[in-house]
Amino acid sequence: MGAHVHDEPRKPKVKHDGAKKHVIAFIASLVLTALAFAAVAFEAIPVGFTVPFIVGLAFVQALFQLFFWMHMDQKGHEFARISIFAGLTFILIAIIVFVFWVWW
Amino acid sequence: MATHHVNAVLPDEPEKATLEGKNKILGFWLFLGGETVLFGSLFATFIALRDQTNGGPTSQQLFDMPLVALATLLLLTSSLTSVFAVLALHKKDLKKMQAWMTVTVILGLGFLALEIYEFMHYVHMGHKMTSGAFGSAFYTLVGFHGAHVAFGILWILTVQLQTVKKGLTVVTAPKFYVASLYWHFIDVVWVFIFTVVYLMGMIGGKVG
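As they're listed, the protein sequences go chains A and E.
Take the first sequence: its position 88, counted from the start at 1, is 69 in our numbering, and no numbers get skipped.
If you want our numbering, it's the position in the second sequence, counting the first as 1, plus 309.
Careful: at least some of the hints might be erroneous.
Each computed DSS-like pair below joins lysine-lysine, with the alpha-carbon atoms no more than 25 Å apart [claimed, not checked]:
1) A:Lys2 / E:Lys405
2) E:Lys325 / E:Lys404
3) A:Lys56 / E:Lys331
4) E:Lys404 / A:Lys2
5) A:Lys1 / E:Lys404
6) E:Lys325 / A:Lys2
7) A:Lys56 / E:Lys484
8) E:Lys325 / A:Lys56
9) A:Lys2 / E:Lys484
10) E:Lys401 / E:Lys325
11) A:Lys2 / E:Lys401
12) E:Lys325 / E:Lys405
13) E:Lys333 / A:Lys56
14) E:Lys333 / E:Lys475
15) E:Lys401 / E:Lys474
16) A:Lys1 / E:Lys401
17) A:Lys2 / A:Lys56
18) E:Lys475 / E:Lys405
19) E:Lys401 / E:Lys475
20) E:Lys333 / E:Lys404
21) A:Lys56 / E:Lys400
22) A:Lys56 / E:Lys401
23) E:Lys474 / E:Lys325
24) A:Lys2 / E:Lys400
25) E:Lys484 / E:Lys405
26) A:Lys1 / A:Lys56
27) E:Lys400 / E:Lys325
28) E:Lys325 / A:Lys1
29) E:Lys404 / E:Lys484
30) E:Lys333 / E:Lys400
31) E:Lys331 / E:Lys475
32) E:Lys400 / A:Lys1
33) E:Lys333 / E:Lys474
34) E:Lys405 / A:Lys1
35) E:Lys474 / E:Lys405
36) E:Lys331 / E:Lys405
37) E:Lys325 / E:Lys484
38) E:Lys475 / E:Lys404
In short, the hints are calculated from the structure, not lab data.
Given these sequences and hints, build the entire structure.
Written out as structure tokens, the structure is:
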């Protein structure tokens, strides 16, 4: 039992990043959201380009949140990546099929 | 103090300290992959049917930008507060974690209240589940997301209550971590809902 008498606080083996990274992801999400809303509200960019523009912004924001907030940037998340990107690939095909084939 | 002792021996990443905790997180990611497909098929259906109003109000007549912006802000902020809860979890600060989780739940309730008000308003304007393909696709997609928010709130609350009783342990920590993953995922889905359903629905009117 002698080895365990020291009750000093243990040093963490795993170093965790602080709140900074997550606040940056939050601000980035806010900016991306504001850009998308502004693009539609003020018609700041050519109308035909608005849809690809805001959908692109949505994907960037989603990746920010997946990698920072849901920790997909950390080690040991290979399965998480396979899971999400497999699902994403599958549904992108479904969406393309629905959009281009249903009314043609 | 007993609780102090428990915290002192709690491992660094309590949510991944046991095989059960690890498996829970792994299994949860598989579930999220399935949820992606589920929401994706609802999105595909909505995109294909969003112009089929059957004589009812169109999305351009219905949607109100400030309301959607407020709902988006509430849910986005709640996602950040649940990140703070997980950071507190890693610092083994139970009080702080519970506080951030409570803020998350309150913001989630605010979002839900807005959505209920919004749906009631739409039904009043003649936009119903049965009014046409647009109505059915809209309420199925957005309502399903709202149901996820409601379930998430109940889930976080029950885990919070259990932790009041049991404290932060290798058993309760994975539950918080997984609930927080679920909450982020709901926010990621909302990013696509406000883009595809609301913003794209508002553009159409201006194009013609």
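Hints versus structure:
1. A:Lys2 / E:Lys405: 19 Å, holds
2. E:Lys325 / E:Lys404: Answer holds: E:Lys325 to E:Lys404 is near 21 Å, not above 25 Å.
3. A:Lys56 / E:Lys331: 13 Å, holds
4. E:Lys404 / A:Lys2: With a Cα-Cα distance of about 22 Å, the restraint between E:Lys404 and A:Lys2 holds, given a limit of 25 Å.
5. A:Lys1 / E:Lys404: Measuring from Cα to Cα gives roughly 21 Å; hence the hint holds.
6. E:Lys325 / A:Lys2: 21 Å, holds
7. A:Lys56 / E:Lys484: With Cα atoms ~20 Å apart, A:Lys56 and E:Lys484 stay inside 25 Å; holds.
8. E:Lys325 / A:Lys56: 13 Å, holds
9. A:Lys2 / E:Lys484: 23 Å, holds
10. E:Lys401 / E:Lys325: With Cα atoms ~14 Å apart, E:Lys401 and E:Lys325 stay inside 25 Å; holds.
11. A:Lys2 / E:Lys401: 20 Å, holds
12. E:Lys325 / E:Lys405: With Cα atoms ~20 Å apart, E:Lys325 and E:Lys405 stay inside 25 Å; holds.
13. E:Lys333 / A:Lys56: 17 Å, holds
14. E:Lys333 / E:Lys475: 19 Å, holds
15. E:Lys401 / E:Lys474: Holds. E:Lys401 to E:Lys474 sits at ~16 Å (cutoff 25 Å).
16. A:Lys1 / E:Lys401: Roughly 19 Å separates the two Cα atoms, so the pair holds.
17. A:Lys2 / A:Lys56: 16 Å, holds
18. E:Lys475 / E:Lys405: 16 Å, holds
19. E:Lys401 / E:Lys475: 14 Å, holds
20. E:Lys333 / E:Lys404: 24 Å, holds
21. A:Lys56 / E:Lys400: OK: A:Lys56 and E:Lys400 at ~19 Å, within 25 Å.
22. A:Lys56 / E:Lys401: 21 Å, holds
23. E:Lys474 / E:Lys325: 21 Å, holds
24. A:Lys2 / E:Lys400: 16 Å, holds
25. E:Lys484 / E:Lys405: Measuring from Cα to Cα gives roughly 16 Å; hence the hint holds.
26. A:Lys1 / A:Lys56: 19 Å, holds
27. E:Lys400 / E:Lys325: Holds, at about 14 Å.
28. E:Lys325 / A:Lys1: Judged against 25 Å, a Cα distance of about 23 Å means the pair holds.
29. E:Lys404 / E:Lys484: Between E:Lys404 and E:Lys484 the Cα gap is close to 16 Å, so the pair holds against 25 Å.
30. E:Lys333 / E:Lys400: 21 Å, holds
31. E:Lys331 / E:Lys475: Roughly 20 Å between the alpha carbons, so the hint for E:Lys331 and E:Lys475 holds.
32. E:Lys400 / A:Lys1: 15 Å, holds
33. E:Lys333 / E:Lys474: Holds. E:Lys333 to E:Lys474 sits at ~21 Å (cutoff 25 Å).
34. E:Lys405 / A:Lys1: Answer holds: E:Lys405 to A:Lys1 is near 17 Å, not above 25 Å.
35. E:Lys474 / E:Lys405: Holds, because 16 Å separates the two Cα atoms, which is no more than 25 Å.
36. E:Lys331 / E:Lys405: 24 Å, holds
37. E:Lys325 / E:Lys484: 11 Å, holds
38. E:Lys475 / E:Lys404: With a Cα-Cα distance of about 13 Å, the restraint between E:Lys475 and E:Lys404 holds, given a limit of 25 Å.
Violated hints: none; the structure is consistent with every hint.
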